[in-house]
Amino acid sequence: MFDRSRANQTAGQIASRQTNSPPPASSSPSSSSRKVQRSMSSHAGPTPFHRRMSYIPRDAKEWRPKFKWHFYDNQGSYNQWFDWLPLWMRVGYWSPVAALFIVGFYASMYLRKPSQLEFAITKTDDVGFWADCAIFAWGIIVVLKARYDMGAISGFWISYTGWSWGILTFRAGLEAAAKILGPSRPELAAKLAVWGSSLRFPAAVAAFVTFTIWNFLLFPIILLKSMPPGEKRQNFLKFNFGFFMTNIHGLNLPMAIVNNIWGSSVRLFTDSDLYVAYLVVALYSALYLFVMDRIGLHFYPIFCPRTAACALSFGMVLYLYWWCMQKGNELILYLNPELELTVG
Numbered sequence: 155m156f157d158r159s160r161a162n163q164t165a166g167q168i169a170s171r172q173t174n175s176p177p178p179a180s181s182s183p184s185s186s187s188r189k190v191q192r193s194m195s196s197h198a199g200p201t202p203f204h205r206r207m208s209y210i211p212r213d214a215k216e217w218r219p220k221f222k223w224h225f226y227d228n229q230g231s232y233n234q235w236f237d238w239l240p241l242w243m244r245v246g247y248w249s250p251v252a253a254l255f256i257v258g259f260y261a262s263m264y265l266r267k268p269s270q271l272e273f274a275i276t277k278t279d280d281v282g283f284w285a286d287c288a289i290f291a292w293g294i295i296v297v298l299k300a301r302y303d304m305g306a307i308s309g310f311w312i313s314y315t316g317w318s319w320g321i322l323t324f325r326a327g328l329e330a331a332a333k334i335l336g337p338s339r340p341e342l343a344a345k346l347a348v349w350g351s352s353l354r355f356p357a358a359v360a361a362f363v364t365f366t367i368w369n370f371l372l373f374p375i376i377l378l379k380s381m382p383p384g385e386k387r388q389n390f391l392k393f394n395f396g397f398f399m400t401n402i403h404g405l406n407l408p409m410a411i412v413n414n415i416w417g418s419s420v421r422l423f424t425d426s427d428l429y430v431a432y433l434v435v436a437l438y439s440a441l442y443l444f445v446m447d448r449i450g451l452h453f454y455p456i457f458c459p460r461t462a463a464c465a466l467s468f469g470m471v472l473y474l475y476w477w478c479m480q481k482g483n484e485l486i487l488y489l490n491p492e493l494e495l496t497v498g
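Numbering-wise (our numbering), the sequence shown opens with residue 155 and increments by one.
There could be a bad hint or two in this list.
Said to hold, decoys possible - For lysine-lysine, the following BS3-like pairs were computed, each having C-alpha atoms within a straight-line distance of at most 30 Å:
| no. | residue 1 | residue 2 |
| --- | --- | --- |
| 1 | K379 | K277 |
| 2 | K222 | K333 |
| 3 | K345 | K267 |
| 4 | K299 | K222 |
| 5 | K333 | K345 |
| 6 | K392 | K379 |
These are calculated hints, taken from the structure and not from any lab test.
Here the structure is a predicted model, which means the values were calculated and not measured.
Model the full assembly from the supplied sequences, consistent with the hints where possible.
In structure tokens:
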């Protein structure tokens, strides 16, 4: 018969020997831990963690770094210049409405492009030619003097005002160069004339927007709401009516009218002109939304992509450009009635 008590005694002796006996000399803590891990993994099954660990080294860094929207850890305020804006306007996800509008605008610029962009080349007399030369030279002089007086003006070139001033100056220089090179280099002169003509409406509408919005909206608000009476307000007034600001926010509109709205070489604006103006808006919006916003530069809070109102602001700008083209043509016909013959 089976002696149960003796069997239990034998099993206890074997267990006590295993407990008291030292581990084999060839076994190390690391090898034993690996054995335990292998045994545990075999019982745990092929979980996603184990599958990932099968091809990612244990000591490797994260294989997919986290994407950060802002280039600097500044809470969306470059040099703390825009701390006066609420944090939600500087940091956070974009509004889906604003994102859809921006994507739709960029897509329409590609899908609705005119089959052929045409820009008429008009002859100018000596007065118009020298006027273009003066506008081109004066545009450069204003920037050089500002650079000399104020030091770095890099912020000017990433502003809408800076782009407006640059297009205005460049347009005059191209058309003046076309007239100079006409006798000796007719092919190059024709290309320059077309390029200059393509910038006529963008120069005119950008100057109009800059002039009206600054002088009748932004300047009064900043003066009365942001500048307390006293030294700060006086310094702001002195800065606003200084040489640089008077040119880029005051003389820019009369300079844009010459040879665009009034002069010997004016012409009516077409859909091609409107498309180029919209293209400038698309390029500047890309700079503003995808570069300046990531740096923490918020020059125009009404175009904050983190609110649905951004779509309304962009839509109003696009409508304003179309309205300016319609009214600009009416003004051109009023000042130059001989162009009535070319309509139709």
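For the pair supplied as a hint, K345 and K267, confirm whether the alpha-carbon distance does not exceed 30 Å.
-> The given pair, whose Cα atoms are some 21 Å apart, holds under the 30 Å limit.
For the pair supplied as a hint, K392 and K379, confirm whether the alpha-carbon distance does not exceed 30 Å.
-> Distance of about 17 Å is within 30 Å: holds.
Between K222 and K333, does the CA-CA distance stay at or below 30 Å?
-> 50 Å, violated
Given hint K222 paired with K299 - CA-CA distance at most 30 Å | Status violated; Cα separation ~39 Å.
Given the hint that K333 pairs with K345, does the C-alpha gap stay at or below 30 Å?
-> With a Cα-Cα distance of about 11 Å, the restraint between K333 and K345 holds, given a limit of 30 Å.
Within a Cα-Cα threshold of 30 Å, do K379 and K277 meet the stated pairing?
-> 49 Å, violated
Of the numbered hints stated above, those contradicted by the structure are hints 1, 2, 4, listed in ascending order.
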